[in-house]
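K.L.:
All chains, full assembly: derive it from the sequences and hints.
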Amino acid sequence: MLANVLETSGISKRFGVVQALSGVSVHVSAGRVHALVGENGAGKSTLMNIICGKLRPDEGELRIDGERVDFSSPLDAQRAGIAISPQEINLVPALSVAENVLLGAQAEGAFGVDWRETRARAAKSLAEIDDTIDPDRPARDLRKAQQQLVQIARATATSARILIFDEPTAALTDRESERLFSFIDRFKAAGGSILYISHRLDEILRLADEISVLRDGRLVASLDADATDKDEMVHLMAGRETASPTGRPPERAVADAVALKVTKLSRTGEFRDVSFELRRGEILGIAGLVGAGRTELGRCLFGVTKAESGAVEVFGEPVTIQHPADAIRHGLVYLPEERKHDGIFPLLSIKENMAIASLGRFQDLLTLRFSDMAREVADYVQRLRIKIGRVEDPITSLSGGNQQKVILARWLMRDACILILDEPTRGVDVNAKLEIQAVLQGLAARGLSILYISSELQEVLDVSDRVLVMHEGRVKGIVDAAGATQQSLLRLAMS
Amino acid sequence: MSERIASTRPARGVSSPLLSRFRKWEASGILIALLLLVAALSIASPNFLSQYNLSVVARQASFVGLVALGQTLVLLIGGIDLSVGTAAGLSTIVGCLMLTKLGIHPYLVPLLTALFGFGLGLINGALIAGLRLNPFIVTLATGEVFAGLNLVITRGYPIRPLGEPFRVFGQGSVMGVPVPVMIFLGAGLILLWLLTRTRFGRNIYAIGGNRDAATLVGIRVWRVEFIVFGLAGMFAALAGILYASRMDSGQPSVGEGWLMGAITAAIIGGTSLRGGEGTIVGTLLGALLMAVLANGIVLMNVSGYWERVIVGLVVLIAILVDLARRR
Chain A
1 MLANVLETSG ISKRFGVVQA LSGVSVHVSA GRVHALVGEN GAGKSTLMNI
51 ICGKLRPDEG ELRIDGERVD FSSPLDAQRA GIAISPQEIN LVPALSVAEN
101 VLLGAQAEGA FGVDWRETRA RAAKSLAEID DTIDPDRPAR DLRKAQQQLV
151 QIARATATSA RILIFDEPTA ALTDRESERL FSFIDRFKAA GGSILYISHR
201 LDEILRLADE ISVLRDGRLV ASLDADATDK DEMVHLMAGR ETASPTGRPP
251 ERAVADAVAL KVTKLSRTGE FRDVSFELRR GEILGIAGLV GAGRTELGRC
301 LFGVTKAESG AVEVFGEPVT IQHPADAIRH GLVYLPEERK HDGIFPLLSI
351 KENMAIASLG RFQDLLTLRF SDMAREVADY VQRLRIKIGR VEDPITSLSG
401 GNQQKVILAR WLMRDACILI LDEPTRGVDV NAKLEIQAVL QGLAARGLSI
451 LYISSELQEV LDVSDRVLVM HEGRVKGIVD AAGATQQSLL RLAMS
Chain B
1001 MSERIASTRP ARGVSSPLLS RFRKWEASGI LIALLLLVAA LSIASPNFLS
1051 QYNLSVVARQ ASFVGLVALG QTLVLLIGGI DLSVGTAAGL STIVGCLMLT
1101 KLGIHPYLVP LLTALFGFGL GLINGALIAG LRLNPFIVTL ATGEVFAGLN
1151 LVITRGYPIR PLGEPFRVFG QGSVMGVPVP VMIFLGAGLI LLWLLTRTRF
1201 GRNIYAIGGN RDAATLVGIR VWRVEFIVFG LAGMFAALAG ILYASRMDSG
1251 QPSVGEGWLM GAITAAIIGG TSLRGGEGTI VGTLLGALLM AVLANGIVLM
1301 NVSGYWERVI VGLVVLIAIL VDLARRR
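Top line first, the protein sequences correspond to chains A and B. Here the first sequence stands for residues 1 to 495, numbered as in my numbering. Here the second sequence stands for residues 1001 to 1327, numbered as in my numbering.
I should point out that these hints are in silico values taken from the structure, not numbers from a laboratory. Values in this document were obtained by computation on a predicted structure and should not be read as measured data. Think of the CB as a built atom: it goes at the ideal place given N, C-alpha and C, for glycine as much as any other residue. Do not rely on the hints blindly, as some may be mistaken.
[Unchecked claim] In silico DSSO-like links for lysine-lysine, alpha-carbon gap of 30 angstroms or less:
hint : chain 1 : residue 1 : chain 2 : residue 2
1    : A       : K340      : B       : K1024
2    : A       : K340      : A       : K306
3    : A       : K54       : A       : K124
4    : A       : K144      : A       : K54
5    : A       : K264      : A       : K476
6    : A       : K387      : B       : K1024
[Said to hold, decoys possible] Here are a few chain A residues that sit away from chain B, every Cβ distance over 10 angstroms (derived from the structure):
hint : residue
7    : A80
8    : D174
9    : F187
10   : I194
11   : V220
12   : L223
13   : D256
14   : K261
[Unchecked claim] With the Cβ distance kept under 7 angstroms, some of the chain B side facing chain A (calculated, not the full set):
hint : residue
15   : R1197
16   : R1199
17   : R1202
18   : A1206
19   : G1209
20   : D1212
21   : A1213
22   : L1216
23   : G1218
24   : R1220
25   : G1276
26   : E1277
P.N.:
Structure follows, in structure tokens:
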């Protein structure tokens, strides 16, 4: 039995009527990786926030090296040797990468900050994680994945003994993730302890020594990573039978009619000579590593950015799309990658969030017909099985998966016939993910055409009829999903 | 939290959901404050409730209130217009010159002045929405230009007299209600309808709440912004010309102090400086509260020097009450 470096015992926390955690005990030993898994809302973040001093537990205690500690602020936790790499990116955009890495801990010389020393230290920490990022660039110039890496470097740059990673690989490419994993291996070998949260179960199995499964604020199982598998974890997380991803969806008839035809579309620095056809009722996956230009392609087709050359046809008719409003008029719509930032209106109700793109339909000469709107919204709530209290509640009262369904309904209400979905299941829990995928299959069966952009290769393979593989802005090939594997897609991308 | 539980449970009495709705309404705090203040003043000073005094208060509220209505729209889209005060001044001078120098019919002058103000606002709109410049900086600059042009034209001298027929807009009244008050309330009603019942209005809230998402649902954001800044200029100009009619004089100083007054009225009425939150009713009540406060200070024989101290404290209290309501 190894000594526990970090131990929580019987932690409970309540927010109003919601019991976020009840009696959770987990422990991490030196040189071990302890993974926490659970659906969204299972209590993982609350537990993290308690461990890193942001929240105080109502009951239970926290022990470090067997000694009881009582953190009243994140600073106390830092002093005790705990560092966290949070899920949300919170870099200071105008400051350099180096300063962001050592924010609040810049090296000090006789006359204030010693910039040379600060830069050197930051560069050293950063190189452990990624050696392609220039420490002198301002953080705002970085891609999302790079920002994530800088954030990770910020945690590792502290001399913490206990590192907490909250969904560190959400935005990373496989190669970047691998580097992070090898850092974790080294940190572990040096005797450090890690608490690791991720929705990606493969990654958990690869890294973790022990796995704790949380459900509805309770610890439902502590597993030995060598003696478990994905099915068991999913089963424990969900607490009920989930529709297991059966691989291939039931056969759907894809019509011959071409819904969207893209010819040699180019935009400097983003993608080049992209050509493909999306047929009516087809789901075309777009796979590729981060930086392949998939999101950029989606945004360009939707009119957020302008293509420099190339042509787009919708149902055989050439179209010019200068603004999202033009795309929407042609029935072409886009679900953004960053739901919180680009998708929802946090101050508006569920009803208005859903109807916002269709207000023109409810507008009489003088006034909006709110009762018609409410009726139609209620109809979609039922059809997509969105779990809500009332349609007047704020959208922020919903879980990520249900918010995503509201946004999907927003476009169905607008009679969209071509959906471009950018990472539609990111940050959504396992069950909601399967439900969303089932809804999409149903829509395609009814004749909608879908471009499905996702970083998770298996997901693309599960959902799509065909898969378009992009790499560094170019189309490397389009293959039938039925015969393809993750390996074959990756090989195609890298070829 | 207890409110949320109350709202999801089936209501037992008729009064409890009404009460809970009232408590959640953004303007409930200011309505209570206004009622308390009115009650206190009517006890303390018998003159307060006289028809004459009430019409003075209401008229006082109307000028800054009209400016505040336009400012509310700008604040709702997440912007700010620092030029409303001087836009009112410049428009007023131009309106008075139309009347005295060009001999335009007095009844057309308010309309044309409002149009001129709309044009001034559209200049802001073009710079902010078209070129995507920062509204704070743009309106700070254009506000100075408007103030300067005012002085270039007038050299600091008032334009007067404006003549008998023109005075009806500021001094007249219909069935005891002063004309500026009717215009103020009418404008409020129109904006209330615009914001709650039209697509344009809902788009304003969407843009203020999440500008990027608004673009991605197909709202032509720049078009809405452009028009909203135009409207802010228009309401300012309207307030200015009504005030000139009231004074029977086009003073170059018209609009001084209105900028802060308008922002204050909007904010104590519950409008957020971050955009996306606020109501017309709140702003109407905010403007009324400010006018009642100023009137109360006079009636109670408090030194006028105290007015700004008291207004400042009222704003702070409003913010604290709002904070308490949200928690």
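K.L.:
Compare the structure with each hint and give your call.
P.N.:
Hint by hint, here is what the structure shows:
1. Between K340 (chain A) and K1024 (chain B) the alpha-carbon distance is near 25 angstroms, which keeps this suggested pair within the 30 angstroms criterion.
2. Using a Cα cut-off of 30 angstroms, the hinted pair K340 (chain A) and K306 (chain A) holds, with the two alpha carbons roughly 24 angstroms apart.
3. Proximity of K54 (chain A) to K124 (chain A) is assessed by CA-CA distance (about 28 angstroms); at most 30 angstroms being required, the pair is judged to hold.
4. With a C-alpha separation of about 25 angstroms, the suggested pairing of K144 (chain A) with K54 (chain A) holds against the 30 angstroms cut-off.
5. Simply put, K264 (chain A) and K476 (chain A) have alpha-carbon atoms about 13 angstroms apart, close enough for the 30 angstroms limit, and the pair holds.
6. Distance check on the hinted pair: K387 (chain A) and K1024 (chain B) sit about 24 angstroms apart at the alpha-carbon level, within 30 angstroms; holds.
7. No beta-carbon of chain B is positioned within 10 angstroms of the beta-carbon of A80 (chain A); the least distance is around 31 angstroms.
8. Listed as outside the interface, D174 (chain A) is consistent with that label: its C-beta sits roughly 29 angstroms from the nearest C-beta of chain B, beyond the 10 angstroms cut-off.
9. No beta-carbon of chain B is positioned within 10 angstroms of the beta-carbon of F187 (chain A); the least distance is around 37 angstroms.
10. Listed as outside the interface, I194 (chain A) is consistent with that label: its C-beta sits roughly 35 angstroms from the nearest C-beta of chain B, beyond the 10 angstroms cut-off.
11. The Cβ of V220 (chain A) sits about 27 angstroms from the closest Cβ of chain B, beyond the 10 angstroms cut-off, so the non-interface label holds.
12. Interface exclusion of L223 (chain A) from chain B stands, the closest Cβ pair being 36 angstroms apart, more than 10 angstroms.
13. Listed as outside the interface, D256 (chain A) is consistent with that label: its C-beta sits roughly 30 angstroms from the nearest C-beta of chain B, beyond the 10 angstroms cut-off.
14. K261 (chain A), annotated as away from the interface, keeps every beta carbon of chain B farther than 10 angstroms; the closest lies near 22 angstroms.
15. For R1197 (chain B), the interface hint holds, since its Cβ comes within 7 angstroms of a Cβ in chain A; the closest pair sits about 4 angstroms apart.
16. Annotation: interface hint on R1199 (chain B) holds; nearest CB of chain A at approximately 4 angstroms, less than 7 angstroms.
17. For R1202 (chain B), the suggested interface contact is upheld, since its CB lies about 6 angstroms from the closest CB of chain A, less than 7 angstroms.
18. About 5 angstroms separates the beta-carbon of A1206 (chain B) from the nearest beta-carbon of chain A, less than 7 angstroms, and the hint is met.
19. The restraint placing G1209 (chain B) at the interface with chain A holds, with a minimum CB-CB distance near 4 angstroms, inside the 7 angstroms limit.
20. Because the closest C-beta pair between D1212 (chain B) and chain A is about 5 angstroms apart, less than 7 angstroms, the hint holds.
21. The interface hint given for A1213 (chain B) holds, since its Cβ lies 5 angstroms from the closest Cβ of chain A, which is under the 7 angstroms cut-off.
22. Evaluation of the L1216 (chain B) hint against chain A yields a held restraint, the C-beta minimum of about 5 angstroms falling below 7 angstroms.
23. For G1218 (chain B), the interface hint holds, the least distance from its beta-carbon to any beta-carbon of chain A being 4 angstroms, beneath 7 angstroms.
24. Here the hint on R1220 (chain B) is kept, as its CB sits about 6 angstroms from the closest CB of chain A, short of 7 angstroms.
25. A least Cβ separation of about 5 angstroms between G1276 (chain B) and chain A falls short of the 7 angstroms threshold, and the interface hint therefore holds.
26. Below 7 angstroms, beta-carbon pairs count as interface contacts, and E1277 (chain B) has one with chain A at about 6 angstroms; its hint therefore holds.
In the structure shown, no violation is registered for any of the earlier numbered hints.
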